[in-house]
Structure formats: structure tokens, C-alpha cells
Amino acid sequence: MKIAEINRPKSLTDEAYQRLRAAVSNGSLELQRFYPLGEVAAGFGISRTPVREAVLKLAHEGLLEIRPRGFRLRHISLSEAVEIFELRSLLEGRTAEKVAAKCSLGEAQQLRSIIKRQQRLVNDPGRFLKADEEFHLTLLDLAGFRRAREFIAMLRDVIWSLGFEALSSPGRLDAVIVEHSQIVECIEQRSPAAAHAAI
Numbered sequence: 265m266k267i268a269e270i271n272r273p274k275s276l277t278d279e280a281y282q283r284l285r286a287a288v289s290n291g292s293l294e295l296q297r298f299y300p301l302g303e304v305a306a307g308f309g310i311s312r313t314p315v316r317e318a319v320l321k322l323a324h325e326g327l328l329e330i331r332p333r334g335f336r337l338r339h340i341s342l343s344e345a346v347e348i349f350e351l352r353s354l355l356e357g358r359t360a361e362k363v364a365a366k367c368s369l370g371e372a373q374q375l376r377s378i379i380k381r382q383q384r385l386v387n388d389p390g391r392f393l394k395a396d397e398e399f400h401l402t403l404l405d406l407a408g409f410r411r412a413r414e415f416i417a418m419l420r421d422v423i424w425s426l427g428f429e430a431l432s433s434p435g436r437l438d439a440v441i442v443e444h445s446q447i448v449e450c451i452e453q454r455s456p457a458a459a460h461a462a463i
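If you're matching positions, the sequence shown starts at 265 in my numbering and goes up one per residue.
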């Protein structure tokens, strides 16, 4: 029996989830500030129920902290941040090795096109961070690491607020572009060890 895909419009919960997730990624949510569910729901023009469900999902993902009648952005401790970056380093280092061992010219160009887009976004940290995420997730796609991609995406979600703050440091955006270019150069040279070191 062939099962056809069911196409359905986004639910209000999905819409609220995407909006809140975007607010985390672009730095719109302020650390330590309390956000009442009713106020957020009114701002979205929907009832509290879908907002509450979206907040529950984002809290499960480690992005938000549920408070009575509302929520706030979850504080990431130093020890948790260190652990997350160590896990990313392990997974992305192996990813860079695998891509460097088999990368085609077209795949390398795909990575370079993302870097070119980042160069155009140096004055827009929110969109720059999305392109940064695309670069790293594309590496995982090219390596064929589907499960690792899901895990890395989850880790990146948790440190979005840290990433946005880090990108606001003077000269950091330009440094990211240089770092990404070095990774791609090592991949183009088919040097797994150098690619691992670069990432």
C-alpha cells in the first residue's frame, strides 16, 4: 500500500513555535526578561494555548525556561557551553575529515557560495548567523551524517543566544569568514587532517 503525504497548513502552534525560535536566533529575546504568555499571544494575534504549546516544545529543546504564566530565555551555564562546544568540535572535526576525503568541485563551490553570502551579511548579524548555521549543516549533509546533523542542529539551537552575543564582538564576523574559507581550502586540497584542524 502506497501512503500519500498529507499536505496541511501550518498550525497556530507551529507558527508560534517558528516565531519564538526566530526570536531566540536573532537575539530579540532578552536574557532574564520575563515574557507573559498573554502578552506574547496578543502580539501574535492568537490565543494563549498555541503559544503555551510552542513554549513547552522550546523548553524541551533547552531554549526557554517556563515560569508561572510565562517564560524567559534560558541561561546557558559556562560548564554547559563548554560541553556543547566540545561535542560540536568532536562531531564537526570528523565531518570535515570525511568531506575533505571525498568532496567534489561542485560541493566545494556550494560551501563557497554560502561564504560569499556571509560576506554580504556582515552588517546583519541575525542573517549572518543563519548563514553560519547553513554552512555547518551543509558540511554535515555533504558528509552524509544525517543523525549527527539532527544532533548538531539541536546543540546549535541551545547556543544561539551565545552565538549572537559572540558575533557582536568587533571583527568577529570577518574572522568567521576567514575561518570558513580556510576550512573550504583544506577540503579542496583533499586534506582531512588539515580540515579537522581548521574547523
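Quick caveat, the hints were computed from the structure, so don't treat them as lab data. Among these hints, one or two may not hold up.
[Unchecked claim] Calculated pairs, DSSO-like style, for lysine-lysine (alpha carbon to alpha carbon, straight line, at most 30 angstroms):
(1) K380 with K394
(2) K380 with K362
(3) K321 with K394
(4) K394 with K362
(5) K366 with K380
(6) K366 with K394
[To be verified] Label-pair restraints from in silico Cβ distances:
(7) A461 with Q383: 20 to 30 angstroms
(8) E329 with G307: 13 to 23 angstroms
(9) E414 with L342: 41 to 51 angstroms
(10) Q282 with R336: 49 to 59 angstroms
(11) R297 with A457: 41 to 51 angstroms
(12) Q374 with P332: 39 to 49 angstroms
(13) R411 with G326: 24 to 34 angstroms
(14) E350 with I330: 22 to 32 angstroms
(15) K366 with F415: 13 to 23 angstroms
(16) Q374 with P300: 35 to 45 angstroms
(17) E303 with G370: 45 to 55 angstroms
(18) P332 with S377: 41 to 51 angstroms
The structure displayed is predicted, hence computed values, not measured ones. Virtual Cβ for every residue (Gly too), placed ideally from N, Cα, C.
May I ask which of the numbered hints given earlier this structure violates, with the numbers listed in increasing order? 9, 10 and 13
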